[in-house]
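> If you want the building blocks of each chain, they are given just below.
2 protein chains.
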Amino acid sequence: MSAVPHADLANAIRFLSADAVQKAKSGHPGMPMGMADVATVLFTRFLTFDPAAPRWPDRDRFVLSAGHGSMLLYSLLYLTGYADIDLDQIKSFRQLGARTAGHPEYGHVAGAETTTGPLGQGLANAVGMALAERMTAARFGEAVVNHRTYVIAGDGCLMEGISQEAISLAGHMKLERLIVLWDDNRICIDGDVGLASSDDVPARFQASGWRTLACDGHDPQDITRALTEAQTSDRPTLIACRTIIGKGAPTLQGTAKTHGSPLGDAEIAGARAALGWPHAPFEVPEPILSAWRTAGARGGVARVAWEDRLASLPGDERATLIRALAGDLPAGWEDAVLAAKRALIETRPKVASRKASQMALEVLVPQIPELVGGSADLTGSNLTQVKGQADILPGSYGGHYIHYGVREHGMGSLMNGLALHGGVIPYGGTFLVFADYMRPAIRMAALMGLRAIYVLTHDSIGLGEDGPTHQPVEHLASLRAIPNLWTFRPADAVETLECWALAVGRSDGPSLLALSRQDLPTLREAYGEENLSAKGAYVVAGEGPRDVTLIATGSEVTIAMAARELLAADGLAAAVVSMPSWELFEAQSAEYREAVLGPRARRVAVEAASAFGWERWVEDKTAVVGMPGFGASGPIGDLYEHFGITAEAVARVAKARAEG
Amino acid sequence: MSAVPHADLANAIRFLSADAVQKAKSGHPGMPMGMADVATVLFTRFLTFDPAAPRWPDRDRFVLSAGHGSMLLYSLLYLTGYADIDLDQIKSFRQLGARTAGHPEYGHVAGAETTTGPLGQGLANAVGMALAERMTAARFGEAVVNHRTYVIAGDGCLMEGISQEAISLAGHMKLERLIVLWDDNRICIDGDVGLASSDDVPARFQASGWRTLACDGHDPQDITRALTEAQTSDRPTLIACRTIIGKGAPTLQGTAKTHGSPLGDAEIAGARAALGWPHAPFEVPEPILSAWRTAGARGGVARVAWEDRLASLPGDERATLIRALAGDLPAGWEDAVLAAKRALIETRPKVASRKASQMALEVLVPQIPELVGGSADLTGSNLTQVKGQADILPGSYGGHYIHYGVREHGMGSLMNGLALHGGVIPYGGTFLVFADYMRPAIRMAALMGLRAIYVLTHDSIGLGEDGPTHQPVEHLASLRAIPNLWTFRPADAVETLECWALAVGRSDGPSLLALSRQDLPTLREAYGEENLSAKGAYVVAGEGPRDVTLIATGSEVTIAMAARELLAADGLAAAVVSMPSWELFEAQSAEYREAVLGPRARRVAVEAASAFGWERWVEDKTAVVGMPGFGASGPIGDLYEHFGITAEAVARVAKARAEG
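As they're listed, the protein sequences go chains A and B. The numbering of the first sequence is full-length UniProt numbering, which starts it at 1 and goes up by one. The numbering of the second sequence is full-length UniProt numbering, which starts it at 1 and goes up by one.
Each hint should be verified, as a subset may be incorrect.
[Said to hold, decoys possible] With a straight-line Cα cutoff of 27 Å, these simulated BS3-like cross-link-like pairs (lysine-lysine) come out:
1) B:Lys257 x A:Lys387
2) B:Lys355 x A:Lys23
3) B:Lys257 x B:Lys91
4) A:Lys350 x B:Lys257
Bear in mind the hints are in silico, worked out from the structure with no lab data behind them.
Generate the whole structure from the sequences, applying the supplied hints.
Below, the structure is given as structure tokens:
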């Protein structure tokens, strides 16, 4: 280690953070000042990383789950020498366009392994990363995949329910390379943590099979001891770091007042005096900066050694590893999809789209070894597992299927971690209605642009007897409203396969498939290479002159087809449009959209869901045959009849429009 | 106790359940069969309830958190003599219109204390109920409020993260009258619980300050012992009931196959033989039914005694208790609101609507003692606490404010429990973006029609530097899509007060207020008694002939007002419409709506959020000035400029419309 005292290294973090927050007049100084000592020990002695190659695949992952403490991370990135963060960036903290955003943003600044801020997400992402590490190590060997995942989490992260789902899964899976540093400062925003919680945090982790350690979070020797101990374990490790929030602020340290506001010039001046840091704002004396840069350079050696090991892999293994980590798909998968599509059009199965999804997975999973499935304890209902797809088990990570348990939120956030780590393309299932449980994780996937695929079955009142608690109504609208999320609702087995191909082929964001419980006939008449679902919507029946257009999605396309027959008997020509994806349809030219949908006044939509949002495509909500409110418990046929989502109702509304 | 053997009592539950599921060809027999013994002991010896007066306020609450086991509840209701459930209802299980819905539905069948099905919700509701019991007892005395809350929860409930939030809060608050019976059957849907979890469940509860007991869930003596022990404690109690799922099914018991499908005729016949139950389906021999009815009649004595105690209360206290439990508001609150409105219009404060919300609470809280506030650790940001509103503390329940901790989901679900219990009207705060974290609870409030009020501040990019993780974009749309939820976004202090009055005055469903972080001028010009927000939208400026209509909500009404000035300078007359609530506006007459909005082609909307859904009010999304995608970190002014949500942009779009 360097001759520069630890206190100087840590104080560099403290004052970069406090001064940047002060300059921005916005931010959270308390956490960076409180965790400066822990972070200094971690980044100078333990964490394996290389600022010159921030995305080097075998680096240790560091996740700042308490993302509001972003200046801790930016200080570390600057001090250790990441090119992305210079002093100007530090001085531009929280300004529009700066890399130093209010919370660390993945893809926006090198060194942010994930976007954090919504509490608990980072911790759960880290569990996914640690699991992905073990999975890719199982596949490619520990010579090339052998790293740890470190997390800094605060009390807020641990109060969120998602933390329990993540902790429980990490303990169950025995993720021994996961080390969580808990910022045990006993302060939350409202005041003392004791205002809202009496939990024995270590006991809680122990109950989920973790090892727990503790240290004085301001004593570098003690931090070092704990981190050393944490390096070897057969379980994940929690280190309770006893800290003082805002450490060094003379009158405010140890209080909630340091949490989320600038300290003020006087308090910062007092901290300078108290901590012996006479330097001007944003000035880090050369010996201190130099010591930090030396620490930052440590990882370069490890990276070069790793590159040598990589080079010694057989050529095809090496190519596969590089391809998989880059997120590129293996050659040949698209041909397999086309062959399967041809077979579907020949056999014309009448199956639920959840079953069609499983059939699609039977094609894709053998082609794309990175695909890793799972379900929140609904495997047999979501049909997310295929033959030969082995379970991932505690201590045995060679499989390709994860039993997430009844933990939708944890699943969504672990999937984000799997995708962030790389080498793995996650998909996971639950009922569509329970997308609500994992919605914060879906949003993060969309914001980060991660390839995560949600298999959401039982997608309407069509699930029947389970009733309104299980019947999605507002979910399609609420998911379509999320930017950068592709929401698919395929109408038959062919569309389901096409939508799966689009979801897997997409590398810049998440996709979801809303799938039926009930059987649906194959509608596609003729084989063609073109993925019609890629246009978002297309005419299924009734090319040529039309009196009215029936727009439907998923299971209701079949109802629209029947309505078309009824209308034909009345002498009216209807075109039926299947619209598996609003997002992709919006990306088409205005000419294509108009050609598909026909005159606006003569469009009718049918979807067994809330009409909310459908005015984008039809004139007003009287042109939508959908759900007026929540569903009910009963057999499927009775429900469709009861809520008036029938061919007769569609034909009636369409007739009025055609003749209006 | 009766001379009828326990086994007969329990087997009556088992076969009513198995046969009803079989007849419905749908449902979950495993849990009712597994928990029949525990439920029999609870309902015949411990639970205080009166089938003749299902809503008797001082009854014990029973929550079937594992709601898929609904036939357990329906069997108990039938056997103990609830008028709502006769044999025909049992035979109509899961049929459209039957009270015996797939999952128990509050308000649909007497005896369902809450709607359950989405796992974990019931447990968290129960924590809210147990807290409400202590709070109303603190207010009215234990002579009239003195009951327990029992929960049956399965492994699924406990795997959901929300359970941790609820467990943690219950332990913290020392809710000693809460008793959770854990159906410890070691089976989940995918198979053995061990497939997805290795948690030491009792240790986990202990870490949150619970007492834990265990019993053999098929031994009535042992169950009795545990429940007896649970009656006295200074902490909430978990009883781990070791059970066999589908107990009695000869080849399937103890397996996931009994969980969610009918057992089949042969298996049920085998169970009849194994358990010695020769009776036909739906036949409960008279002595057994009679013994059950006798057990059901136990509570009548307690109820009468309670009525005597109630009668001996001083008249005004009695009237207040009855009023509060009925959910009626005390006289006078509306006058206080009007006086405050008058004062606002006189003083015209320029305050953030979150601050205006606090000002509204300063009026309402003293008027309505049932109002109980709280925040998910953002009290100082949400401004949800007012002067003199004391905290509710462990063991001390006389206050009116709950520090929920960073537990939005738990907060939402506890609020539902508070509302369900009665005597309490809950409101709770977090940032609008974190509505996602509690969305499943909001949905349940809407489905059940509960008066819960969400105070959701920092409602747009207007929050500034915290960036895209904290800036809601799709949230207004996704919340407006939920049936029976009133989404308010008031434009100034007057509207905020009006919206608060509407939310408090509503007794058949939840409301939310989306509130700004930034200051907003008072727009309302003149005092009037009428609550203009009650119409959902109204003309703020520009009555008379107009060239164009600018529709806005919340903070953007001010931008629309500025755009109106710009347009006027160009010789164009614009009306500005404030639309605090889509739901209430939709409830107005078509004439009113047309008069307010003007010609469709000449409307422009401005809202710092996704345009999703706005086509309901304007011609197409090019007429919406809003957010194109996720936000960014930066000062508020820079963000509004960057995303083009400015008076100039609105005027530009409006000019094109007005001249188009």
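> Could you run down the list of hints and mark each one as holding or not?
Hint check results:
no.	hint	verdict
1	B:Lys257 x A:Lys387	holds, 20 Å
2	B:Lys355 x A:Lys23	holds, 26 Å
3	B:Lys257 x B:Lys91	holds, 23 Å
4	A:Lys350 x B:Lys257	holds, 26 Å
The structure agrees with every numbered hint stated previously.
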